[in-house]
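Chemist: With chain A held as given, fit chain B onto it using these hints.
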Amino acid sequence: MNAAPDFTVDVYQNEYLSQGATEVNAIVTVTATGTPMMTSPSETAAEVIIVDCSGSMHVPRSKLLAAKQATKAAIDTLRDGVLFAVVAGTDEANVVYPRSHDLVPAGPRTREEAKNAVDRLAANGGTAIGSWLRLADELFGTRPSSMRHAILLTDGQNMHETPRQLAKAIEAVTGHFVCDCRGIGTDWEVKELRTIADALLGTVDIVAEPEELEADFRAMAAGAMSKAVADVSLRLWTPQGAAVKFVKQVEPTLADLTGRRTEFPPRSGDYPTGSWGSETRDYHVCVQVPAASTGEKMLAGRISLVLPDGQVVGKGNILAQWTDDTALSTRINREVAHYTGQAELADAIQEGLEARKAGDVETATAKLGRAVKLATETGHTDTAKLLSKVVDIEDARTGTVRLKRKVAAVDEMTLDTRSSKTMRVRRKSPES
Amino acid sequence: MKCPNCGESAGTNDRFCEGCGSNLLVTRTPEGGPLGTATTGTCVACGGTNLSADGFCEDCGRAQPGGRDRMESDLGVVTGISDKGRRRARNEDSMAFGTTAGENPTVVAVVCDGVATSDRAENASQRAVDEALAVMLEAAVEGKDADAATRSAVARAIEVVTALADPSVPGTAPSCTYVSAVVTATDVTVGWVGDSRAYWLAPDGARVLTIDDTVATELVAEGMSEEQAMAVHQAHALSKWIGADAGQIEPRTLTIQPEGPGLVLLCSDGLWNYLPEPSALVEALPGSPVDVDPTRAADELTRVALELGGHDNITTVLVPFPPNPERTRSEG
Chain A
1 MNAAPDFTVD
11 VYQNEYLSQG
21 ATEVNAIVTV
31 TATGTPMMTS
41 PSETAAEVII
51 VDCSGSMHVP
61 RSKLLAAKQA
71 TKAAIDTLRD
81 GVLFAVVAGT
91 DEANVVYPRS
101 HDLVPAGPRT
111 REEAKNAVDR
121 LAANGGTAIG
131 SWLRLADELF
141 GTRPSSMRHA
151 ILLTDGQNMH
161 ETPRQLAKAI
171 EAVTGHFVCD
181 CRGIGTDWEV
191 KELRTIADAL
201 LGTVDIVAEP
211 EELEADFRAM
221 AAGAMSKAVA
231 DVSLRLWTPQ
241 GAAVKFVKQV
251 EPTLADLTGR
261 RTEFPPRSGD
271 YPTGSWGSET
281 RDYHVCVQVP
291 AASTGEKMLA
301 GRISLVLPDG
311 QVVGKGNILA
321 QWTDDTALST
331 RINREVAHYT
341 GQAELADAIQ
351 EGLEARKAGD
361 VETATAKLGR
371 AVKLATETGH
381 TDTAKLLSKV
391 VDIEDARTGT
401 VRLKRKVAAV
411 DEMTLDTRSS
421 KTMRVRRKSP
431 ES
Chain B
1 MKCPNCGESA
11 GTNDRFCEGC
21 GSNLLVTRTP
31 EGGPLGTATT
41 GTCVACGGTN
51 LSADGFCEDC
61 GRAQPGGRDR
71 MESDLGVVTG
81 ISDKGRRRAR
91 NEDSMAFGTT
101 AGENPTVVAV
111 VCDGVATSDR
121 AENASQRAVD
131 EALAVMLEAA
141 VEGKDADAAT
151 RSAVARAIEV
161 VTALADPSVP
171 GTAPSCTYVS
181 AVVTATDVTV
191 GWVGDSRAYW
201 LAPDGARVLT
211 IDDTVATELV
221 AEGMSEEQAM
231 AVHQAHALSK
241 WIGADAGQIE
251 PRTLTIQPEG
261 PGLVLLCSDG
271 LWNYLPEPSA
281 LVEALPGSPV
291 DVDPTRAADE
301 LTRVALELGG
311 HDNITTVLVP
321 FPPNPERTRS
331 EG
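Residue numbers (full-length UniProt numbering), protein chains in the order written: chain A, 1 to 432; chain B, 1 to 332.
Just so you know, nobody snuck in bad clues.
Heads up, incomplete: computed chain B residues facing chain A, CB under 8 Å, no partners named:
1. Phe56
2. Asp59
3. Cys60
4. Gly61
5. Arg62
6. Ala63
7. Gly85
8. Arg86
9. Arg87
10. Gly310
These aren't lab readings, by the way, just hints derived from the structure by calculation.
Just so it is clear, the structure is predicted and the values come from calculations on it, not from any experiment.
We treat Cβ as the ideally placed atom computed from N, Cα and C, and that holds for glycine.
One chain only, chain B, in its complex shape:
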């Protein structure tokens, strides 16, 4: 066997590569998110190649998307795009995902949406996805139960985000939402806190897997009509979130066993606000959910959300089901 990172040969029982120190049992997105600018060397506006070190085009002046503004990652079995959108000054969403090695991998993905009214929201979301992912990948390597792993991951996320709070500044504790998926050849286990969503996208039976933790959905659950609930002041306000000021919370979880192939979508409200209906999402895909290229699909969904206004940060993570370790990641 060879290290997927540096190519150094490794023993079958090795857990870490002797050459570069990377984990041989899992592959994951880099911790802390992307560093520096994510430019491809040509200006996003005029196509010029004269880009300055501080992220502007030296010809037309356009600011190039940098660092967190547009994050793209593709591990083959899972792919994602997180975009700043058109209205927000920063991207406070974060995503992290990874997979165990081998013929029969477990794929884990996490999306957190930093609560914009809180302090250092992007910090909170990045810490939460990184730590939660690590917990679930570790559990997957050790063959532990996905539902229990999801609950442990949320507990860990609460711990690290709570630690970010500055007790001297009340009311602005860093906070975020949470949605994760653990995908194996048979099961899809999702867990969530807040209003980031998981969808099952398939030709038949496409549906929302999560129930938003918002004021409106709680009122509906208590018997109010959806129309009435949506008219309530702050209907979209979160009733649950992750943060020092969130109190004692437990995530909700759900495990499904799909009967055929499809796509698991994790997204922030920057996407689903424009395309809330599962059927609308399926329709927006550049192909059938059964065999569409997930990278192209994530790109297309992001583009649609941007075109419809891009009012919020847009994060889209897609995991084809069942996981196919043969699919190699696309370049760029």
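Isolated chain A (complex conformation):
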């Protein structure tokens, strides 16, 4: 791709290890720069919008209306020439637009036709999200396109297929397109949508109020339009005898990529990162290396990015240097600490809510209390505010909380979905 952005890699870490230590942590910041939108041929982008049309979308009526408004707004956001389709999802999946089993280029006429078709949508039937994903995948397959993005909106749980069917569908389409997922109302399952979004390298969020949906759809479509290159992988080289403990995206959202590794022999592995525009993302890489004697220095990991054409760009070195100078080895790297704290906060929230749902008051209180403490310490005021709707906070500093007896479903789900959003660490210039 000639319009591919430039990638730069910066590594933030404390490379000094005490004698015998073997765990190396680093935050890897990947920045893509360039003005891709203007230069990349728009034909290579494709968008499928999947709208839940199950019967419950009528209750309240405003949900379906809002979904229609939002879908039309997203259609208007598509650049001329972008291939698109609209899918209505029930216990089966149907192409709403175009009439054929196909994608069509966006233009004044097709946009108008698509919006008319969306206006005629009716809500009737069940929910089988796996079949929706499979249809989107088929549609993407009808035309060659390099940047494939889907928006999935649902209001309910996946009732009309088994979890296994959904899992198989996710597996079948993983790597084929990026999918941002939105839940409207409070009858959907956060975990279910998060699983889909994580697998398809997209985001998940709750849209509590139907009227907020339009702006959100427009933003997602605009985001997809701003991408310049799809299917970028993060390549991690590690030395002989080393083990990768984890590779997580930690900014803008938390996503564990550890299990998504594709081996690139002899000593590298590739982790999918999806599509990139001009943007910055942070990754937390943790590598276990064989200990070496004091004074020795080694390359514990090397990060680069692999473009779809196989071109390898950018380079960042993760180092390990053993010292008996404790002033060096105990120095805490602020980037690593920042994102370790964020991941811990997200885990505490998700595990706390899970325990609460399961009726385990003790664990829920402990986890959510820990979350309150962490959110307070790290200045996550938004998260602290969301937490205060789920627990009564007695002392934020120590994390002393009591579970609220009554919690609005929307508050709990908002806290859950937003727990994986992260705050960027405030940066100084990179250390050497």
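Modeler: Just chain B now, kept in the frame of chain A:
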């Protein structure tokens, strides 16, 4: 006569080679120290041959010693190794040496130890050894007095190191120690500033030729017992050094006329801290100081210092006495 550098033939009165421009009267270590990595093509840790351009093994990841981390040089009549050691992040020691051409050469060697608490210490030590060596080789070619040449060399080193100081950053002026030797068939002249040392190593009469310019030795000189002096706060702190903040200083010098063959050793405290006694140094040599291969000897002394902890940069330069121009340099 032929240029030792490029093989081009040269006239007996030529001072410089017409082919490559190198000085025909002297041979010396390259100015500025080594460039790039000093790797031999195989990994120091796993023996693999897949080394990356930025100095790591592509198999085991081990950082390969590069540039200043381990400097080795051998001119036959003088040989030296300067090693980063195991604890320091950088090698701030520098060494330079050279010899005049001919049957009866004068060998000159300099070791400077960059003061770790100063800014750009390795810069200071490298500039100091290069310039001091040039002054003494020039004097040797012209047959000047070794003691006077040593004093001129130190004066020049003070000049170039002082020039490195950034007046806007007080207190961190680049600085270093200094020890040099001028070795002829009859005389060994040493000069020093600070705590880098010169030793005479021989089967009989091995001894330290220098007296450290440290707080402790000054107190001993004033009458305090060695034990008491060593217990003083900052006993090892330098009382004299080369740098913009050093004030007006003069080196101390000493000339000896050894009665038999031996080795002149110049070293930084990274070596002598582990082996301060002359007898211990002689014992650590892989042979008699009379006929041991100096390259093997420097390698062995460095290895011992590393094994004992390698807390500081280790620089070891050996000049066999009397100079033997027949000894060819070892390869690698």
